[in-house]
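Chemist: Next come the chains, spelled out residue by residue.
Protein chains: 2
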Amino acid sequence: MSELKNDRFLRALLKQPVDVTPVWMMRQAGRYLPEYRATRAKAGDFMSLCMNPELACEVTLQPLERYPQIDAAILFSDILTVPDAMGQGLYFETGEGPRFKKVINSAADIDALPIPDPEKDLGYVMDAVRTIRRELNGRVPLIGFSGSPWTLATYMVEGGSSKDFRKSKAMLYSDPQAMHALLDKLAQSVTAYLNGQIKAGAQAVQIFDSWGGSLSAAAYQEFSLAYMQKIIDGLIREHDGRTVPVIVFTKGGGLWLESMADCGAQALGLDWTCDIASARSRVGNKVALQGNMDPSVLYAKPEAIRAEVGRILASYGHGTGHVFNLGHGITPEVNPEHAKAFFEAVHELSAPYHQ
Amino acid sequence: MSELKNDRFLRALLKQPVDVTPVWMMRQAGRYLPEYRATRAKAGDFMSLCMNPELACEVTLQPLERYPQIDAAILFSDILTVPDAMGQGLYFETGEGPRFKKVINSAADIDALPIPDPEKDLGYVMDAVRTIRRELNGRVPLIGFSGSPWTLATYMVEGGSSKDFRKSKAMLYSDPQAMHALLDKLAQSVTAYLNGQIKAGAQAVQIFDSWGGSLSAAAYQEFSLAYMQKIIDGLIREHDGRTVPVIVFTKGGGLWLESMADCGAQALGLDWTCDIASARSRVGNKVALQGNMDPSVLYAKPEAIRAEVGRILASYGHGTGHVFNLGHGITPEVNPEHAKAFFEAVHELSAPYHQ
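Chains A and B, in that order, are what the protein sequence lines are.
Per my numbering, residue 1 is the first one in the first sequence, and the count goes up by one each step.
Per my numbering, residue 1 is the first one in the second sequence, and the count goes up by one each step.
If we strip away everything but chain A, and leave its shape as in the complex, we get (with noise of 0.2 Å):
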């Protein structure tokens, strides 16, 4: 493997320290840029992307081509891979996103779900990341990623998206047992599926908790955090004489900061509704922070991207331990000017706070 020639995301996230702010955005490969919407094309639709590994590594590169700034790659793929390795069947429907063909419905359905192997079961993966670590030659960091077990889970339980989570609250409140026996399937599964990304190269990974949020504060700690914690306890923590630092991102999980930065994970990720300044009182020196501007502050006019990026540098204050992130992924109505501005702006303004 080649040396690293930017290790600002590595540094930050292990709390030495860097020069200026490292910055990555969530979905930076993605609809919002044309060079992207034009190899999506060509691969056909959205999965067919995701399983082949020279389209996958190509989309993963354009941002960091089209913008020299970003401080880490991150793999192109879905959070659903898992369960779809389990044989859950998954494919997009236009405007509706994911499905499953197979749904959970019962202890019975949770007892025959497999845990897939890595290498043999998503080996497109572990191709994807090898290709990109092998074509970023040590540019940048590769973040490898899965989504939490109970984001996992509600996909599986409800067949697909949810407003409410009729049928996976139903199972937890219901059938606590269930919903324990599926989670800790998910979390063997996800700690293997990781592990194979570090072994392939990810130098870094990040647990999508996308629908933590949206348990009461007793559920999450019980249902989405422990086992989340139990991933971290079983990953390899250092490859290639490097430390593989863990972040973690619940979306609305701003209330439960401090025992998220109890679960052995070396960063936690923010959405935009945390100020920042109480965020770093409040986790102390035990994680780095990740995060927090508003996807939607993209919108706006350069100007206005330029001042909400300094308000949070300024609030974030001096001293490493902040990847500057957005709070959520990038839209793909946003002009891919406005990203520059945003990246753009984070290396610029953020100086001063290392010195």
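To be clear, the hints were calculated from the coordinates, so they are not data collected in a lab.
There could be a bad hint or two in this list.
Same chains, same label: a pair holds when it works inside one copy or across any pair of copies.
[Unchecked claim] In silico DSSO-like pairs for lysine-lysine, Cα to Cα no more than 30 Å straight-line:
| no. | residue 1 | residue 2 |
| --- | --- | --- |
| 1 | Lys163 | Lys340 |
| 2 | Lys301 | Lys230 |
| 3 | Lys301 | Lys251 |
| 4 | Lys42 | Lys185 |
| 5 | Lys101 | Lys163 |
| 6 | Lys251 | Lys340 |
| 7 | Lys185 | Lys230 |
| 8 | Lys167 | Lys301 |
| 9 | Lys251 | Lys185 |
Keeping the supplied structure of chain A fixed, place chain B upon it in accordance with the hints.
Modeler: Just chain B now, with coordinates in the frame of chain A:
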């Protein structure tokens, strides 16, 4: 006006002793009830039901008939009556949610907006309040309500519901002056509207800040909370010899309870992501709390509903200052027998906490 026979709800909001924890449910007059669906069919559509004081009264009273435990009635109406009265042309597309014929695009559009006169322009709401008060005959207090300025502004600028508040946030960040002008007009309109409801007989009022939680911490203070505070400053605080308590409910506002507790309201509504014990200790004696069961728990078995009610009561602990509610409105698919389990459990299980 007839003597109030059950003032438990008002007493709890004012932190006066009660025998059991009072309970009501957001959207308690709603589609989960077959009798509601029958009346709505009679009215034609949703807005015709809101605009017919006799039928609005009928649906307001239906849940009280079915569930004798309910300690408060809430005016049946929509949060968007105020922008409709400002000339925006509210209508509902089946399955699409609310829409406006006119959309706010510019400072000139904002300048042209009138401040509605409650009796002249929203007389159907005032008539509904008077009719319901007459029919309630002192059985339980009647809650009036409005949407918050920020919440109303999002619908007016987007032209309807939104996932990412693209236009309203672009205005907020790119042209904050225009957004402030709109919010100021809305605050004036809502103040007059709620005072009209109070004069017509509303015994408490709730401000529904449905979309305040979509804002960053900083933007929430400046663009949502500040205008709710402005409204509260202008409200009639005593009517017919009784304090008229104000409840502020920002869905997703759990991170900001300390500042919300200073806005002048007697109570804060909590969604289910807040741990109510920690919320109580954060707000201290400043305000009462209303909430906060996850509405999706109503999809679980009655025993599980009862257990969750018990858990929340225990979490709040001893003493007054708690109005039991869901953390958001009940959903149409809930079995009315499950709502029964909820109402019964609150009174049955809460008595020990008031001894």
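Chemist: Could you check the structure against the hints above and give me the numbers of any it violates, in ascending order?
Modeler: 4
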